[in-house]
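Peer 1: Assemble the complex: chain G is given as a structure, and chain D must be docked to it using the hints.
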Amino acid sequence: MHSLSFDIAHLFAGGLVLVSFMLLYQDRLYALLNVFALQAFVLVLSVAWQAFVQQAPHLYITAAIALILKAIVIPGALHRIVARLGIHREVETVGGIGSTMLAGIGLVALSMVVMLRATPGADPLAREDLAFALSVVLLGLLMMVTRRNAVSQVVGFMSIENGLILAGTGAKGMPLVVEISIAFSVLVAFIIIGIFLFRIRERFDTVDSRALDNFRGERT
Amino acid sequence: MAVIADLAIQGIQMLLVLCLAPALTGFVRKVKARLLRRRGPSILQPYRDLWRLMRKEVVLAENASWLFRAIPYLIFSATWVAAALVPTFATGLLFSWSADLIAVTALLGSTRFFLALAGMDVGTSFGGIGSSREVMIATLAEPAMIMIVFTLALLAGSTQLSSLAGFMLTSPVGLRVSLGLALIALVMVAVAENGRIPIDNPATHLELTMVHEAMLLEYSGRHLALIELAASLKLLLYVSLIGCVFLPWGLSPPGADVSTRLVGVGAYGLKLAAGGFLLAFFETTVAKMRVFRVPEFLGAALMLGLLGTLLLFVSRSL
Chain G
1 MHSLSFDIAH LFAGGLVLVS FMLLYQDRLY ALLNVFALQA FVLVLSVAWQ
51 AFVQQAPHLY ITAAIALILK AIVIPGALHR IVARLGIHRE VETVGGIGST
101 MLAGIGLVAL SMVVMLRATP GADPLAREDL AFALSVVLLG LLMMVTRRNA
151 VSQVVGFMSI ENGLILAGTG AKGMPLVVEI SIAFSVLVAF IIIGIFLFRI
201 RERFDTVDSR ALDNFRGERT
Chain D
221 MAVIADLAIQ GIQMLLVLCL APALTGFVRK VKARLLRRRG PSILQPYRDL
271 WRLMRKEVVL AENASWLFRA IPYLIFSATW VAAALVPTFA TGLLFSWSAD
321 LIAVTALLGS TRFFLALAGM DVGTSFGGIG SSREVMIATL AEPAMIMIVF
371 TLALLAGSTQ LSSLAGFMLT SPVGLRVSLG LALIALVMVA VAENGRIPID
421 NPATHLELTM VHEAMLLEYS GRHLALIELA ASLKLLLYVS LIGCVFLPWG
471 LSPPGADVST RLVGVGAYGL KLAAGGFLLA FFETTVAKMR VFRVPEFLGA
521 ALMLGLLGTL LLFVSRSL
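Protein sequence lines correspond, in order, to chains G and D.
Using our numbering, you'd call the opening residue of the first sequence number 1 and step up by one each time.
Using our numbering, you'd call the opening residue of the second sequence number 221 and step up by one each time.
Next comes chain G alone, as it looks inside the complex (with noise of 0.2 Å):
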């Protein structure tokens, strides 16, 4: 492994790592949408290096099913979704942002003390990749812990995925169909999320995530 390519790898995920922490420094929810697409993005850009690395060209077309689906239709279909629901302005977090950002950090910490240890005789790219999409994963985790607005706790399922698919990448090309299938589950997913979206909506006026604590009387 030249050092070039690894540092365009590192730079990749690296940026994934850091888009993740911008989603959980947000604080409005157009603009949380906005970082997700860019977040998704930036996956595309990983994803596609890795293939141009690997040599392994359907790895193309995961980047091109994440950039259309991630990178487009998913944020304007959330787009449109705060848009009918006219909440664009609340995001309301568990805690302060600045203790989440720690957590954050902490989680960032123990991925790569728990990926370093376990992979020691991977091949470095891998090891790398796998390090950074666990913190994502425990990023986006950590998301939707943190907030209790249902659609960006939505976003944080998704940013979940993106993980996912970087770690399925990282580690020497990930099987098309495997992929395929993830993408459509994540799109059917979505769907079924935004349903609910609206049917929460409908019954308690709110996506607030509390009101639903208050109806099974966990709440006083």
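Since the hints were made in silico from the structure, they are not lab data.
These numbers come from a predicted model, not from an experiment.
Please note that the accuracy of each hint is not assured.
[Said to hold, decoys possible] Chain D residues, not near chain G, derived (Cβ > 12 Å throughout): (1) 336; (2) 374; (3) 396; (4) 401.
[Claimed, not checked] Label pairs and their calculated CB-CB ranges: (5) G/124 to D/224: 32 to 38 Å; (6) G/117 to D/289: 41 to 47 Å; (7) D/253 to G/176: 46 to 52 Å; (8) G/117 to D/222: 50 to 56 Å; (9) G/181 to D/490: 52 to 58 Å; (10) G/124 to D/345: 39 to 45 Å; (11) D/356 to G/187: 44 to 50 Å; (12) D/512 to G/215: 30 to 36 Å; (13) D/366 to G/176: 57 to 63 Å; (14) G/123 to D/330: 34 to 40 Å; (15) G/84 to D/261: 48 to 54 Å.
[Unchecked claim] Covered stretches of chain G (in silico footprint by chain D; criterion: 3 or more residues with CB under 8 Å from a CB of chain D, positions within the stretch not fixed): (16) 44-53; (17) 72-82.
In this text, a Cβ means the ideal position worked out from N, Cα and C, and glycines have one as well.
Peer 2: Chain D in isolation, oriented as in the chain G frame:
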């Protein structure tokens, strides 16, 4: 003979820093005014201001202690030393063994400590507000700065500025995310430390937002001149720090001849102009931030610094 030449070059650097600092401040003001389609004062205006303040009588509050009078000299000398330690046009100067990034950070931290003390010394309410806000900013800016220093030190294997610049110049650093993150974080810290616009605006006296200015309200005459000059020096220090670490081109190596040194001075001037222009451009495009949002801004800088260190750890350990 060589020692005398080295001493002379170090002296030139100290004088250059001192003479250029007000010009940089004036340049930033001029560019800002031009970007707002105003004419703006001349670049030499800060020199005239300093000269005017120097000649004026010092008016002291009755209950000002000796500390209040000593602090301007302390702040000025510490900032000057720090600014003169950062390599401007040449690396490997006579005192470069002491040009340690941690030492520079510590010098700046102690000036901030003394300035906050001075703000509280006379006992007016504005001084207290300014000091408390300054310390709040410091609690986040200093760890961010230290994380940046760690990132650079891990990469170059040294915290000495001269060897850092030399490392960046000679060895194939490659494309590194950590360096980019460190650069962004350093710019954010520099903006906060110098009280530039999203954080603070020293050009106004608006009590809701002022930080740096509130601490200086009781100063007058030559004391105020010294503190203003120290603020200019601090701005110059950060610009030359960014220039020396991230854009080290044109720095003359130790023991270079006169023409190389002159090229170094020219490159330094270009870097200062570019830095000043970018700062002015940035300041005209953003709005002033609420004081309560400052921790988020600096928290982002701290986060970038931490992330830079972590990413570097991954790329190095492979």
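Peer 1: Confirm or reject each hint.
Peer 2: Evaluated hints:
1. 336: 22 Å, holds
2. 374: The claim holds: residue 374 of chain D sits with its nearest Cβ about 14 Å from chain G, beyond 12 Å.
3. 396: Nearest chain G Cβ is 7 Å from residue 396 of chain D, so the label is violated.
4. 401: The claim breaks: residue 401 of chain D does not keep its Cβ more than 12 Å from every Cβ of chain G (closest is about 7 Å).
5. G/124 to D/224: 32 to 38 Å: 51 Å, violated
6. G/117 to D/289: 41 to 47 Å: Once the Cβ atoms are compared, 58 Å apart, the range 41 to 47 Å for residue 289 of chain D and residue 117 of chain G is violated.
7. D/253 to G/176: 46 to 52 Å: Hint violated: Cβ distance 59 Å, outside 46 to 52 Å.
8. G/117 to D/222: 50 to 56 Å: 52 Å, holds
9. G/181 to D/490: 52 to 58 Å: 56 Å, holds
10. G/124 to D/345: 39 to 45 Å: The hinted range 39 to 45 Å is violated for residue 124 of chain G and residue 345 of chain D, with Cβ atoms some 59 Å apart.
11. D/356 to G/187: 44 to 50 Å: With a Cβ separation near 47 Å, residue 356 of chain D and residue 187 of chain G satisfy 44 to 50 Å, so the hint holds.
12. D/512 to G/215: 30 to 36 Å: Since residue 512 of chain D and residue 215 of chain G have Cβ atoms about 34 Å apart, the given range 30 to 36 Å holds.
13. D/366 to G/176: 57 to 63 Å: 47 Å, violated
14. G/123 to D/330: 34 to 40 Å: Between residue 123 of chain G and residue 330 of chain D, where Cβ atoms are some 48 Å apart, the hint is violated.
15. G/84 to D/261: 48 to 54 Å: 53 Å, holds
16. 44-53: violated (count 0)
17. 72-82: With 0 residues close enough to chain D, the hint is violated.
The structure fails hints 3, 4, 5, 6, 7, 10, 13, 14, 16, 17 (numbered hints given earlier, in ascending order).
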